[in-house]
Structures are given as C-alpha cells and as structure tokens.
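Same order as they appear, the protein sequences are chains D and L.
If you want my numbering, it's the 1-based position in the first sequence plus 80.
If you want my numbering, it's the 1-based position in the second sequence plus 3.
Where hints are given, some of them may not hold.
[To be verified] Between beta-carbon pairs, the in silico distance windows are:
#, chain 1, residue 1, chain 2, residue 2, range
1, L, Ala65, D, Ser317, 56 to 66 Å
2, D, Trp146, L, Gly125, 44 to 54 Å
3, L, Asp111, D, Ser91, 42 to 52 Å
4, L, Glu81, D, Val190, 37 to 47 Å
5, L, Val95, D, Thr202, 44 to 54 Å
6, L, Arg84, D, Tyr256, 23 to 33 Å
7, L, Asp34, D, Tyr203, 54 to 64 Å
[Claimed, not checked] Covered by chain D, according to a simulated footprint, are these stretches of chain L (three or more residues, beta-carbon under 8 Å):
#, region
8, 182-193
9, 196-206
10, 211-222
11, 242-255
[Stated by the list, open to error] To list a few chain D residues with every Cβ distance to chain L over 12 Å, as calculated:
#, residue
12, Thr103
13, Ile114
14, Pro126
15, Asp133
16, Arg136
17, Gly201
18, Thr211
19, Tyr220
20, Tyr223
21, Gly229
22, Ala239
23, Ser240
24, Tyr256
Simulated from the structure, these hints should not be mistaken for laboratory data.
Cβ coordinates follow ideal geometry from the N, Cα and C atoms, glycine included.
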Amino acid sequence: MTWTWFHRLGSPPYVYALAARLTPWFAWPAALLIAGGLAGGLVLAPPDYQQGDGFRIVYVHAPSAWMSLMVYMTMAIAAAVALIWRIKVGHAVAAACAPIGASFTFVALVTGALYGAPMWGTYWEWDPRLTSELILLFLYLGYMGLRAGLEDTQRADRASALLAVAGSVNVPIIHYSVTWWNSLHQAPTVMQFGKPKMALAMLVPLLMMLAGFTLYFVAVLLVRLRGEVLSRERAASWIPEVLKT
Amino acid sequence: MSARVTSAARALAPEPAVGQGGAAAASLGADAAAALRAARLALLRDLTLAFRQRSQLIQPLAFFAMVTLLFPLAISPELSRLRAIAPGVLWVAALLASLLALEFLFRDDAHDGTLEQYALSGQSLTWLMFAKTAAHWLLTGLPLALMAPLAGLSLGVPVAALPGIVVSVAVGSVTLSLIGSIGAALTLGIKRSGTLLSLLTLPLSLPVLIFGARATELAINGAPLAAPLELLAALAVLGITLAPLAAAAAVRISLE
C-alpha cells in the first residue's frame with residue numbers, strides 16, 4: 081500500500097476539488113436519513129407510555145449531543161495531525177469543525193432544556209450530561225475566541241490546535257469529575273435521558289437520525305472546508321482557474 | 004529593568020565545558036544536569052524579581068480576601084449559613100485569584116525579551132517552563148493556601164477543618180498554576196487577553212474546583228477527606244507531567 085493518497089491531502093487544490101466532489105455523496109444520504117428518521121420518530125413511532133409525545137424531542141436532542149462530542153474529537157484529531165505532520169489542511173479542518181460543533185452543542189442544550197420542562201418540571205436541572213454539554217460549549221467558545229484573538233492565521237492555527245489537543249486530554253476528566261460531583265448531590269427526581277430500553281419502532285428512527293446527523297456534519301464540514309481553503313489560499317494562482325468553471 | 008536582564012543572563016550563561024571524551028551516557032547526564040541547573044536559576048530569578056516587586060505578591064491575596072468579603076455582605080452575616088457555602092466561596096475565590104495572578108506569569112518576560120532568550124538558549128524550554136510555573140505556584144498558590152484559614156474562619160469554618168483546607172488549596176492550586184501556564188502562553192501577545200484567558204482556563208479548571216470544594220466540605224464536616232485529596236493530587240501529577248510540555252510548545256508558537 082502506498083501513501084500517495086495521504087500525501088495528496090497536503091495539496092490545497094486537490095483537497096478543494098475532493099471536497100467539492102464528495103459533498104453530494106454525504107449531503108443526499110443525510111437528507112434522506114433525516115427525513116426518514118423524522119417521519120419515523122415524529123409520526124410512526126408510538127407515544128411513550130410514561131412521557132407521552134414529549135419524548136419525541138429525543139430524536140433531535142440525542143443526535144445533537146452525540147455530534148457535539150464527535151465533532152470535538154474530529155477537531156482534536158485534525159489539529160493533532162496538523163501539528164504532528166505539519167499538514168495545513170488539518171488546521172483548515174479543525175477551524176471548520178469548531179462552529180459546527182458549537183452549534184450542535186447549543187442545539188443539544190436547548191433541546192435538553194425543552195425536554196426537561198415536561199419531564200422534570202423545570203427547564204434546567206444540574207444533570208451531569210447537561211452540565212457537561214454546557215462546559216463543552218465553553219470549550220468551543222474558548223477555541224473560537226483564541227482563533228479570533230490571533231490575527232496571524234498560522235499562529236492562530238497552531239495555538240488553537242494545541243488548545244484543542246490539551247482540551248481533548250481534559251474532556252474525559254471533566255466528564256467524570258462532573259459525574260462524580262453529581263453523584264454526591266443527587267436530586268431525588270433525576271431521570272436519565274435515554275436509559276430505558278426502547279421499542280424497535282422508537283429505536284430505528286433514532287439510529288437513522290444519528291446516522292443522518294453524522295453524514296450531515298461531514299457534508300457541512302466539506303463545504304466549510306472549501307471556504308477555509310479558499311480564504312487561506314486566496315493569493316494562489318489556482319484559485320481563479322477553479323472558480324471559473 | 005537592569006536587575007531583570009542581568010539575572011536572566013546569568014540563568015542562561017554558557018555551561019562550563021564538559022569533559023570532552025565523555026561517553027554518550029555521561030553527556031546525557033550532563034545535559035540533564037545542565038537543564039536542571041538552568042531551571043533552578045530561572046526559578047530563583049523569578050522569586051527574586053517577585054520579592055523586589057511586592058505588589059505582585061500582595062494583589063492576588065488582597066483580591067482573594069476581597070471576594071471572600073463579598074459573600075457575607077451579599078448573602079447574610081449568619082455564620083451557620085456562611086458555613087454551608089464556605090467550601091464554594093473559598094474555592095471560587097481561590098480560582099479567581101489564581102486566574103488574576105496568571106497575568107504576571109509571562110507578561111513581563113515576553114515584554115522585555117527574556118522569554119525569547121529562554122527559547123533560544125538551547126536549554127530545555129520544558130524545564131524552564133516547569134521552573135516558571137513552580138515559581139508562580141510558590142508566589143501565588145502557596146500564599147493563597149496559607150491565607151485560606153483566615154478566610155475560612157471569617158466564614159465560620161471550625162478550627163479543626165483548617166489543616167485540611169490548607170492542604171487541599173495547596174495541592175489544587177498546583178494544577179491551577181499548570182493549566183494557567185498553558186492558557187497564559189497561548190494568549191501571549193493578545194491585547195486585553197484577560198477575558199479570553201479566563202474563557203480558556205476556567206473550563207479546564209473545573210475538576211480542581213469540584214474535588215477541592217468537596218475536600219473542603221468534608222474537612223468542615225469533620226469527615227475523612229483522603230479521597231478527594233488523592234484525586235486532586237492525581238490531577239496535579241498529571242498536570243506536572245504534561246502541562247510544561249504544552250506550555251513550552253505554546254511559548255514557541257507564540258514567539259514565532
């Protein structure tokens with residue numbers, strides 16, 4: 081096996097073209113899966129015997145929460161690859177990830193609060209998962225703030241990459257310490273999200289939504305990546321040629 | 004300023020020639036010894052400078068006392084109520100005070116070029132960062148720990164709980180200094196970086212806050228506090244192992 085495919089990723093025009101070519105392959109399945117998952121989750125699945133129709137928000141909440149962590153991991157891995165092998169595209173990927181991840185985190189928080197209203201009788205409960213999501217949002221905001229604060233793109237790339245790697249070491253520690261903290265101050269009526277076993281008619285749409293959100297993330301990432309590559313290479317000679325077609 | 008520069012120069016002075024025919028192992032040992040000596044000199048230099056500019060030492064402590072004072076005024080002077088929130092108050096105040104003190108960690112050294120000399124000196128920047136962070140802890144974390152009993156007494160904490168509080172703040176602030184050194188190194192050269200620095204370091208410091216406040220709470224209740232203290236110590240060990248590496252990389256990025 082040769083490493084040519086890997087080395088080609090170092091070339092911005094190649095990455096730009098590749099991202100353009102791959103986008104529909106992720107966008108269309110994402111659209112189909114999300115449409116199917118929504119139909120299955122909001123219409124076909126029976127109401128929950130305890131939570132009624134209120135549980136249906138889980139079809140947006142759980143995939144967003146899952147994506148918020150997965151995007152952070154993607155960002156940290158891209159940043160580490162960029163730092164170690166000095167692949168500039170890795171920095172572009174990491175930079176493109178952050179706003180998407182922050183948006184997923186925000187959606188997970190809002191839907192979590194809305195889910196809490198009928199379930200807990202309050203919009204905000206210091207539940208370990210919601211608290212971890214909130215901390216994750218601050219990690220994303222710090223990352224984006226550092227990028228915004230540094231004017232030189234190269235320095236912003238490397239500094240934020242280091243922050244993402246340091247943060248990824250810390251994310252599990254934060255998660256477990258928050259869980260530990262919560263177990264000390266357990267409120268009597270806390271209900272865990274998604275713990276009870278789900279009926280198949282409920283589970284299948286949820287898995288479709290998970291897959292759909294993941295593919296949607298990749299599609300958006302590819303679009304943003306093209307934007308990042310264009311803005312980074314704006315002085316390069318290949319840009320006018322590509323944009324003409 | 005001349006004191007700053009001469010002491011920096013002494014810390015980085017070229018090493019006396021090591022025996023020429025030494026084996027590889029001997030030269031490795033000599034390298035380690037040189038790195039340690041440079042780190043020791045950097046540590047002594049930072050301590051000397053701080054003792055010549057005492058306001059830097061006193062400001063975080065005054066801030067800590069001031070934040071502690073806010074709570075009785077804002078909530079209630081009743082000691083029984085204050086005692087219930089004392090762990091949280093002490094740790095939030097300590098966290099904010101150590102955050103405030105981070106400004107002194109690299110700012111002057113970056114400003115007058117000392118940091119650049121460190122990076123160019125050929126000595127291990129990781130060890131130098133470790134030394135600087137150690138000096139920072141000796142100048143802020145340790146005094147905060149020693150002052151915590153005073154703040155604790157004012158919040159109605161029983162005397163028997165004070166040793167536990169001192170130990171927990173002392174151990175926890177090691178990690179705070181280490182995490183802060185990464186944040187301070189990353190934000191070097193950003194104007195008005197205070198809010199950004201807090202946004203970067205506070206989320207990473209939350210485990211320290213959780214375990215520290217828990218240890219303090221147990222100490223106040225007279226319960227054994229070994230478990231959270233051990234977790235705090237584990238965080239400190241992890242931080243000592245990894246943070247100087249990250250801080251050195253961050254300083255190199257910032258100096259590019």
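With 12 Å as the threshold, tell me whether D:Ser240 passes as away from chain L on beta-carbon distances.
8 Å, violated
Does the beta carbon distance between L:Arg84 and D:Tyr256 stay inside 23 to 33 Å, or does it fall outside?
This hint holds: roughly 31 Å between Cβ atoms.
A range of 54 to 64 Å was offered for this pair. Does it hold for the Cβ distance of L:Asp34 and D:Tyr203?
59 Å, holds
State, for the Cβ atoms of D:Trp146 and L:Gly125, whether the hinted interval 44 to 54 Å holds or is violated.
Cβ of D:Trp146 to Cβ of L:Gly125: about 48 Å, so the range 44 to 54 Å holds.
For the region 242-255 of chain L, count the residues whose Cβ lies under 8 Å from any Cβ of chain D; is that count three or more?
holds (count 4)
Run the C-beta distances from D:Tyr256 to all of chain L and say if the shortest one exceeds 12 Å.
For D:Tyr256, whose nearest Cβ neighbour in chain L is about 8 Å away, the distance does not exceed 12 Å, so it is violated.
Given a hinted range of 56 to 66 Å, is it respected by the beta-carbon distance of L:Ala65 and D:Ser317?
Holds, since L:Ala65 and D:Ser317 (Cβ atoms, about 59 Å apart) stay within the stated range.
Interface exclusion of D:Tyr223 relative to chain L, criterion Cβ beyond 12 Å:
Non-interface label fails for D:Tyr223: nearest chain L Cβ at 8 Å, not farther than 12 Å.
So is D:Thr103 really clear of chain L, every C-beta pair being over 12 Å apart?
Answer for D:Thr103: holds, closest chain L Cβ roughly 32 Å.
Per the hint of 44 to 54 Å, is the separation of the Cβ atoms of L:Val95 and D:Thr202 within bounds?
24 Å, violated
Would the least Cβ to Cβ distance between D:Gly229 and chain L come out above 12 Å?
5 Å, violated
Given coverage of the region 211-222 of chain L by chain D, checked by CB-CB distance under 8 Å (3 or more):
Contact hint for the region 211-222 of chain L vs chain D: holds, 3 residues under 8 Å.
The structure is inconsistent with the numbered hints 5, 18, 19, 20, 21, 22, 23, 24, although it conforms to all the rest.
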